[in-house]
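Please model the entire structure based on the sequences and the hints provided.
Residue numbers (the numbering used here), protein chains in the order written: chain A, 61 to 415; chain B, 61 to 415.
Among the hints, a few may not be true.
In this list, chains with the same sequence are indistinguishable; a pair is considered to hold if it fits within one copy or across any two.
Straight-line alpha carbon distances no greater than 27 Å define the calculated DSSO-like cross-link-like pairs of lysine-lysine that follow [claimed, not checked]:
(1) Lys272 to Lys350
(2) Lys407 to Lys305
(3) Lys355 to Lys322
(4) Lys243 to Lys375
(5) Lys285 to Lys375
(6) Lys160 to Lys272
(7) Lys77 to Lys102
(8) Lys375 to Lys272
(9) Lys102 to Lys272
(10) Lys285 to Lys243
(11) Lys160 to Lys285
(12) Lys160 to Lys110
(13) Lys110 to Lys415
Since the hints were derived computationally from the structure, they do not count as laboratory data.
Chain residues, written in single-letter form:
2 protein chains.
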Amino acid sequence: MESTVKDIIIEKAKSSKIEQVDFNNLPFGSVFTDHMMVCDYKDGAWQTPKIIPYQPLTLEPSARVFHYGQAVFEGMKAYKDDDGKVWLFRPDENFHRINKSSARMAMPEFPEDYFFDGLNTLLKMENDWIKPGLGNSLYIRPFAIATQAGIIASPSQEFKFLIICSPAQAYYGGEVRVKIAEKFSRAADGGFGFAKAAGNYAGQFYPTNLAKEEGFQQIVWTDAKSHEFIEEAGTMNIFVRMGDKLLTCPTGDRILDGVTRKSVIALAEEQGIEVDIRPIRVSELLEGHKNGELKEMFGSGTAAVINPILGFGYKGERYELPVMTDSYATRIKQQLINIQYNIAEDKFGWRYEVK
Amino acid sequence: MESTVKDIIIEKAKSSKIEQVDFNNLPFGSVFTDHMMVCDYKDGAWQTPKIIPYQPLTLEPSARVFHYGQAVFEGMKAYKDDDGKVWLFRPDENFHRINKSSARMAMPEFPEDYFFDGLNTLLKMENDWIKPGLGNSLYIRPFAIATQAGIIASPSQEFKFLIICSPAQAYYGGEVRVKIAEKFSRAADGGFGFAKAAGNYAGQFYPTNLAKEEGFQQIVWTDAKSHEFIEEAGTMNIFVRMGDKLLTCPTGDRILDGVTRKSVIALAEEQGIEVDIRPIRVSELLEGHKNGELKEMFGSGTAAVINPILGFGYKGERYELPVMTDSYATRIKQQLINIQYNIAEDKFGWRYEVK
Numbered sequence: 061m062e063s064t065v066k067d068i069i070i071e072k073a074k075s076s077k078i079e080q081v082d083f084n085n086l087p088f089g090s091v092f093t094d095h096m097m098v099c100d101y102k103d104g105a106w107q108t109p110k111i112i113p114y115q116p117l118t119l120e121p122s123a124r125v126f127h128y129g130q131a132v133f134e135g136m137k138a139y140k141d142d143d144g145k146v147w148l149f150r151p152d153e154n155f156h157r158i159n160k161s162s163a164r165m166a167m168p169e170f171p172e173d174y175f176f177d178g179l180n181t182l183l184k185m186e187n188d189w190i191k192p193g194l195g196n197s198l199y200i201r202p203f204a205i206a207t208q209a210g211i212i213a214s215p216s217q218e219f220k221f222l223i224i225c226s227p228a229q230a231y232y233g234g235e236v237r238v239k240i241a242e243k244f245s246r247a248a249d250g251g252f253g254f255a256k257a258a259g260n261y262a263g264q265f266y267p268t269n270l271a272k273e274e275g276f277q278q279i280v281w282t283d284a285k286s287h288e289f290i291e292e293a294g295t296m297n298i299f300v301r302m303g304d305k306l307l308t309c310p311t312g313d314r315i316l317d318g319v320t321r322k323s324v325i326a327l328a329e330e331q332g333i334e335v336d337i338r339p340i341r342v343s344e345l346l347e348g349h350k351n352g353e354l355k356e357m358f359g360s361g362t363a364a365v366i367n368p369i370l371g372f373g374y375k376g377e378r379y380e381l382p383v384m385t386d387s388y389a390t391r392i393k394q395q396l397i398n399i400q401y402n403i404a405e406d407k408f409g410w411r412y413e414v415k
Numbered sequence: 061m062e063s064t065v066k067d068i069i070i071e072k073a074k075s076s077k078i079e080q081v082d083f084n085n086l087p088f089g090s091v092f093t094d095h096m097m098v099c100d101y102k103d104g105a106w107q108t109p110k111i112i113p114y115q116p117l118t119l120e121p122s123a124r125v126f127h128y129g130q131a132v133f134e135g136m137k138a139y140k141d142d143d144g145k146v147w148l149f150r151p152d153e154n155f156h157r158i159n160k161s162s163a164r165m166a167m168p169e170f171p172e173d174y175f176f177d178g179l180n181t182l183l184k185m186e187n188d189w190i191k192p193g194l195g196n197s198l199y200i201r202p203f204a205i206a207t208q209a210g211i212i213a214s215p216s217q218e219f220k221f222l223i224i225c226s227p228a229q230a231y232y233g234g235e236v237r238v239k240i241a242e243k244f245s246r247a248a249d250g251g252f253g254f255a256k257a258a259g260n261y262a263g264q265f266y267p268t269n270l271a272k273e274e275g276f277q278q279i280v281w282t283d284a285k286s287h288e289f290i291e292e293a294g295t296m297n298i299f300v301r302m303g304d305k306l307l308t309c310p311t312g313d314r315i316l317d318g319v320t321r322k323s324v325i326a327l328a329e330e331q332g333i334e335v336d337i338r339p340i341r342v343s344e345l346l347e348g349h350k351n352g353e354l355k356e357m358f359g360s361g362t363a364a365v366i367n368p369i370l371g372f373g374y375k376g377e378r379y380e381l382p383v384m385t386d387s388y389a390t391r392i393k394q395q396l397i398n399i400q401y402n403i404a405e406d407k408f409g410w411r412y413e414v415k
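Quick look at the structure:
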C-alpha cells in the first residue's frame, strides 16, 4: 500500500493537556487526547484528511445525524510494549467492518490509505498518551456521521469521518450477571444488527435500565422471532462452555461479527478446544445448569477483551455459574493480551506495528 | 395549563433572512426560519427554554448522539387561514408521542408547558414565515439529542431539546410506486419501531436506494418474521381500499402510531366508510388485484398528508392500481386539509390556535 501520509494536513495543538490527566484514574471513554483526525465527504468525494487539535464539532441543527441516525463507528485499542513500540490488534478487521456498516447505512466507504495513514500519523503524534504496562491502552474511536443540512428523510450527501482517542486502563466490567431477553429485542432479520451503527445502541438503553433495576448488568439478547435462541449482549459477543466444548452463535443479519469473537475462536481451536458455532437455545443453558454441563459463559469485545459472566436470569429465575479455577475465559484472555502487548508470539499475524 | 411563557429567555435575531427566501420555490426541509427553541437537560432537570437566532450547534465529538443514536423527533405543521390566524393540527398527539419515543430511548420526558409555551412563542415570532393559502405551511421539527460527552455505551445524562421550523409548500410526493419488502426489515417485535427515534430511519436508506434502482420510490415494510404482512412505509402509514372497505394494520411495537393515520380512520368512519384495523396479508393485495377488489392504496403522514400509491412490486412482478375518479384518498385528504386550514368545521376538536 503506497503511503499518502504526505497529504494529510496537520495542525498541532498549541499545548498538551497530558499533564492534567491522572493516568491512574481514568473513567472509560471520557478523557481525550490532544488531536483528532477529521475528513469531510462532499461533492461525491472524501477530501484531504486533517489532524487538528481535539475540539467540538459545529453542525447545522438539521444535520441528518441528529434526525435519522445515519452514523457508524468502530472500537480499537493501541498497546505499548516495554520497548516503547506501539501495536494495534487486527486493525484491518475494523477498517473493513466500518465500511461494511457504512454500506448498510447508505454512507460512502472510507479509503483504506486515508484510514491507515491517518491512524498512524495520529497515533505517532499521541505517542505519550499510550502508557506501557499490561492493561493500559489507548482506546481509538473511528466514526462517521451524516452532516448534510436538511430534514428530508433521505440519505445525506455530506459526511464527516473522525478518529478520536481516549487513554484507558484495564477495563474491569465489574461482576456481570445478565438477563436473558424475553420480550425486548435488539435486531430483526433483514435489519442492520450486524452493523456498528448508532441506531443499534440507544434502543438497548431502556431495556438495560429495567434489567439493572432487577440486579443485572447487561442483557443477552434473544432472537426477536421466538426468544428461544441467545444472540449477543449488545456490546459483547457471547460464548458458552458446555463440558469442554465452547459454543458461540453464528453471526448474520442480527449479530455483530466481533473481532475479539473471531480471535477467541481461533485461539481456542489452536489449543484443541472444540468450538461449535451454531444457534444456542436458552433451554440448553437451563438444562446445562441443571446437569452441571454449563461450566462458563463469557462475553468478548474490544473494551473488556473477555468478561466472565457470573450468572443469568430468565423468566424470574436466577442461575449462578460455577466458579472455575482454570477457566477458558481467563486462559484465552491472557493469551489474547499477550499477543496484543507483544509479549507472546503472534502466530496468526494479528499485530500491526504503528510507525 | 398555567402559562410559563414569561420564563422563556428570548434573544432576537438582529435581522431577518425572510427577504432572501423564494416562497414559491421551497425544497422540502432545507430553509429554516430566523429563530429556534433550545432547552438543555442537565443535573437531572430541564433548564429554562431559550429562543435564539437559528444557528449551528456545537457539540463534543464524543457526544452520545453521534455514537449511539440516542435521539427522537416529531413532525408537525402550522397553517395560516385567510384571517391570518395560525393553527396547529392535534399538537397534543405530537407532544405525547415524542415523550413516548423518549421513554423508549431512555431519554427524559419534556415538560408539557415548556413544549406548548415554547412552540407558541416561537410561532408568534415567526408569523411572517407562515404563508396563507392551501398547501403552504410551516413545517415544525421538535427533536431531542443526547449531548453528554463520553463514549461509554450507556444513556446520556445531558440532552438538548430543540424546535426548528422550515417553510413548506404543498408536498407533492410525486408518483409513488412501492416495493413490498421481501428480505430487508425495518423493525423487530420488542424493538422500537413504534418510536420516532433516529435509529429507525438510516437503516431504511440502503434498501430504499435498491428499490429506487428498480423504479420504486418507497418500500412498504413487511413483518420481519414472515414478510407475509404489510406494516408501514417508513415515513407513512399504509391504507388499502378493498371494495368499499378501508383496511389499515394495527400499530404496536413495530409500527408508528401516526397522527394522520388516526385522523384518516376517524374521518372515514364518520362518513360511513367501514374501516377494518387488522393485519393485512401481501397475498390479499395480490388476490384483490386479480379479482378487482383492490381499489386503492395510499400512505398517510404529516409531510404529504395523503399520498396515493399508483402501484406496487412484489417478487419481481409489478402491479398497477386502477385510476379512481372519486377516490377515498382524494376525498379524505381534502377533508383533512379543510380542517387544518380552518375552512371546514372542526367536529373532532383537532385544531389548536397559536396565540
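Verification of the supplied hints:
no. : hint             : in the structure
1   : Lys272 to Lys350 : within (25 Å within a copy, 53 Å between copies)
2   : Lys407 to Lys305 : within (23 Å within a copy, 68 Å between copies)
3   : Lys355 to Lys322 : within (21 Å within a copy, 53 Å between copies)
4   : Lys243 to Lys375 : within (10 Å within a copy, 32 Å between copies)
5   : Lys285 to Lys375 : both (17 Å within a copy, 23 Å between copies)
6   : Lys160 to Lys272 : between (32 Å within a copy, 21 Å between copies)
7   : Lys77 to Lys102  : between (32 Å within a copy, 26 Å between copies)
8   : Lys375 to Lys272 : within (15 Å within a copy, 44 Å between copies)
9   : Lys102 to Lys272 : between (43 Å within a copy, 22 Å between copies)
10  : Lys285 to Lys243 : both (10 Å within a copy, 15 Å between copies)
11  : Lys160 to Lys285 : both (25 Å within a copy, 24 Å between copies)
12  : Lys160 to Lys110 : within (23 Å within a copy, 41 Å between copies)
13  : Lys110 to Lys415 : within (18 Å within a copy, 49 Å between copies)
Figure legend: structure checked against the earlier numbered hints; every hint is met.
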